[in-house]
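Enquirer: Each chain, letter by letter, is given below.
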Amino acid sequence: MWIPIQINENSAEPLYYQIETQLRSLIVSGQIQEGTLLPSIREFASSLKCSVITVRRVYQDLENEGLLLTKQGTGTFVARVGQSERSEYRRMVVQEAVEAAVDVGLSVQYSKEELEALVLEIIQVKYRSVTREGNRDE
Amino acid sequence: MNETLALELKNVVKKRQRRVVGPVNLQIPQGYIVALVGSNGSGKSTILHMLTQSLIPDEGEIKWFGREGSDDLPLDIKSKIAYVPENTAMEENYQTAEQAASFRAYWYPSWDQKRFERLMTRFDVPRNERLNRMSKGERRKFEVAAALAANPKLLVLDELSSGLDPFAWKDMIEELQECMTGEDVTMIMATHIVEEIKRLADYIVLVHKGKVLGMAEKDLLYGSCYEVWVRGDFAGLKDRPELIRCEENEASIHKLLVRDEAFISELQQFKDLQVMRSRALELEEVLELWIEGYQPNC
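Each protein sequence line maps, in turn, to chains A and B.
So in the working numbering, spot 32 of the first sequence is number 297, and the numbers just go up one at a time.
So in the working numbering, spot 156 of the second sequence is number 214, and the numbers just go up one at a time.
Worth flagging that the hints you see were computed from the coordinates, not collected in a lab.
Incorrect hints may appear among the rest.
Straight-line C-alpha distance at most 30 Å; calculated DSS-like pairs for lysine-lysine [to be verified]: (1) B:K172 <-> B:K194; (2) B:K256 <-> A:K314; (3) B:K296 <-> B:K256; (4) B:K136 <-> B:K73; (5) B:K228 <-> A:K314; (6) B:K211 <-> B:K136; (7) B:K68 <-> B:K267; (8) B:K211 <-> B:K256; (9) B:K136 <-> B:K68; (10) B:K296 <-> B:K121; (11) B:K256 <-> B:K329; (12) B:K194 <-> A:K377; (13) B:K329 <-> A:K314; (14) B:K228 <-> B:K313; (15) A:K314 <-> B:K73; (16) B:K313 <-> B:K296; (17) B:K269 <-> A:K314; (18) A:K336 <-> B:K269; (19) B:K194 <-> B:K256; (20) A:K314 <-> B:K211; (21) A:K314 <-> B:K267; (22) B:K211 <-> B:K269; (23) B:K121 <-> B:K136; (24) B:K211 <-> B:K73.
If you anchor each label on the Cβ, the simulated ranges turn out as follows [what the hints assert, rightly or not]: (25) A:M357 <-> B:D291: 37 to 45 Å; (26) A:Q287 <-> B:P167: 41 to 49 Å; (27) A:S290 <-> B:N145: 46 to 54 Å; (28) A:Q287 <-> B:T239: 20 to 28 Å; (29) B:E342 <-> A:I388: 44 to 52 Å; (30) A:S290 <-> B:D129: 31 to 39 Å; (31) A:E278 <-> B:I311: 46 to 54 Å; (32) A:S290 <-> B:D116: 49 to 57 Å; (33) A:Q374 <-> B:S97: 51 to 59 Å; (34) B:T179 <-> A:Q348: 50 to 58 Å; (35) B:H250 <-> A:Q287: 29 to 37 Å; (36) A:L380 <-> B:E61: 48 to 56 Å; (37) A:E350 <-> B:K172: 44 to 52 Å; (38) B:E275 <-> A:Q296: 47 to 55 Å.
We treat Cβ as the ideally placed atom computed from N, Cα and C, and that holds for glycine.
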């Protein structure tokens, strides 16, 4: 199974953190489904060009969070993600993105009213195009 | 982690004509790929020779899979080790690949002829050519195929890729990764190729002028040092231990090499200073600094 994770070697974020965040988001958002067998530690490390130590750490962390299950001798699987965890997670990523946008606004002294107007305008435009495409209902 | 050691070196010393290698102290856990990195003549090959007993250390002791091999290694241990030396042995020169393989099959009880055939086909090595008539790259490919066919628990590779074309190199990397999926195979390789380190290594051992400077987890080296460009008055920060180097580029613009990421956020908050941009150093840059004495914090 190929897992779409992209590493940035020049980022200040440690490799394990980059992989963990991306893998978590793939699982919680449902892009990798429950029961999926993940690659072996060495395979995954090879494809990401990182060490097995890093991948093992990611698997262990996500297992502790209940997102992964390791069955002795068979491998590591994606566990069941509850509905509440999923909506909690969706809220969290969107909130982070909005906060970052507001921070940019603050840093260039954008006024509250301007920002609100702009956000509404963008929502109008984006959601209109999504409805037109018709296949994204969320 | 319940780590068993594949290799343990204690105060190992070898006196060579030009340089003394050691004392080397190393512990290599089983199941990992360890890259020996260092400039030419730093002693990497000497260390590998000692790990395969093609050289016997003058001092110190080496343990293979927990067993000491002061004189000659017992056969059951030897047959778990496969070695691809930098310069191939003369003994097999007048044999064809097939003949050499059947000789090796005799000494390695775990020899897998099917795997050997598959690798020879994949690497496209002529089977009935005498080994000394092969091109350097073909000979290399034979050596790796034969090493992998022996199903070793310890694989020792000296300059794996010398003489290989980029396509053969890629095949070889894939085969090596595949042979590691068993999780009980340990690989130690001397290399100059950064891409090889990136794709294979879990740990890096840095060797410089006969000394082992340390062993580090590869992934922790990424992001261990940064290059930061700053504008403004920098004088107040010159004595900070996180600062490795500082070059003035133009008036009031400095290029800094720093060791700790937290230091960058500190710089960003420093009021007379503007951080223009920063980037994490590449693996080879980190290793270069390490050779110069700036050991990464990890």
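Enquirer: Hints first: check each against the structure and report whether it holds.
Expert: Tested hints:
no.: 1; hint: B:K172 <-> B:K194; verdict: holds (24 Å)
no.: 2; hint: B:K256 <-> A:K314; verdict: holds (6 Å)
no.: 3; hint: B:K296 <-> B:K256; verdict: violated (34 Å)
no.: 4; hint: B:K136 <-> B:K73; verdict: holds (24 Å)
no.: 5; hint: B:K228 <-> A:K314; verdict: holds (13 Å)
no.: 6; hint: B:K211 <-> B:K136; verdict: holds (10 Å)
no.: 7; hint: B:K68 <-> B:K267; verdict: holds (18 Å)
no.: 8; hint: B:K211 <-> B:K256; verdict: holds (22 Å)
no.: 9; hint: B:K136 <-> B:K68; verdict: holds (20 Å)
no.: 10; hint: B:K296 <-> B:K121; verdict: violated (46 Å)
no.: 11; hint: B:K256 <-> B:K329; verdict: violated (39 Å)
no.: 12; hint: B:K194 <-> A:K377; verdict: violated (70 Å)
no.: 13; hint: B:K329 <-> A:K314; verdict: violated (39 Å)
no.: 14; hint: B:K228 <-> B:K313; verdict: violated (37 Å)
no.: 15; hint: A:K314 <-> B:K73; verdict: violated (37 Å)
no.: 16; hint: B:K313 <-> B:K296; verdict: holds (12 Å)
no.: 17; hint: B:K269 <-> A:K314; verdict: holds (28 Å)
no.: 18; hint: A:K336 <-> B:K269; verdict: violated (43 Å)
no.: 19; hint: B:K194 <-> B:K256; verdict: holds (25 Å)
no.: 20; hint: A:K314 <-> B:K211; verdict: holds (22 Å)
no.: 21; hint: A:K314 <-> B:K267; verdict: holds (29 Å)
no.: 22; hint: B:K211 <-> B:K269; verdict: holds (26 Å)
no.: 23; hint: B:K121 <-> B:K136; verdict: holds (12 Å)
no.: 24; hint: B:K211 <-> B:K73; verdict: holds (29 Å)
no.: 25; hint: A:M357 <-> B:D291: 37 to 45 Å; verdict: holds (40 Å)
no.: 26; hint: A:Q287 <-> B:P167: 41 to 49 Å; verdict: holds (44 Å)
no.: 27; hint: A:S290 <-> B:N145: 46 to 54 Å; verdict: holds (50 Å)
no.: 28; hint: A:Q287 <-> B:T239: 20 to 28 Å; verdict: holds (23 Å)
no.: 29; hint: B:E342 <-> A:I388: 44 to 52 Å; verdict: holds (47 Å)
no.: 30; hint: A:S290 <-> B:D129: 31 to 39 Å; verdict: violated (57 Å)
no.: 31; hint: A:E278 <-> B:I311: 46 to 54 Å; verdict: violated (26 Å)
no.: 32; hint: A:S290 <-> B:D116: 49 to 57 Å; verdict: holds (55 Å)
no.: 33; hint: A:Q374 <-> B:S97: 51 to 59 Å; verdict: holds (53 Å)
no.: 34; hint: B:T179 <-> A:Q348: 50 to 58 Å; verdict: holds (52 Å)
no.: 35; hint: B:H250 <-> A:Q287: 29 to 37 Å; verdict: holds (32 Å)
no.: 36; hint: A:L380 <-> B:E61: 48 to 56 Å; verdict: holds (54 Å)
no.: 37; hint: A:E350 <-> B:K172: 44 to 52 Å; verdict: holds (47 Å)
no.: 38; hint: B:E275 <-> A:Q296: 47 to 55 Å; verdict: violated (29 Å)
Hints 3, 10, 11, 12, 13, 14, 15, 18, 30, 31 and 38 from the earlier list are contradicted by this structure; the remaining hints agree with it.
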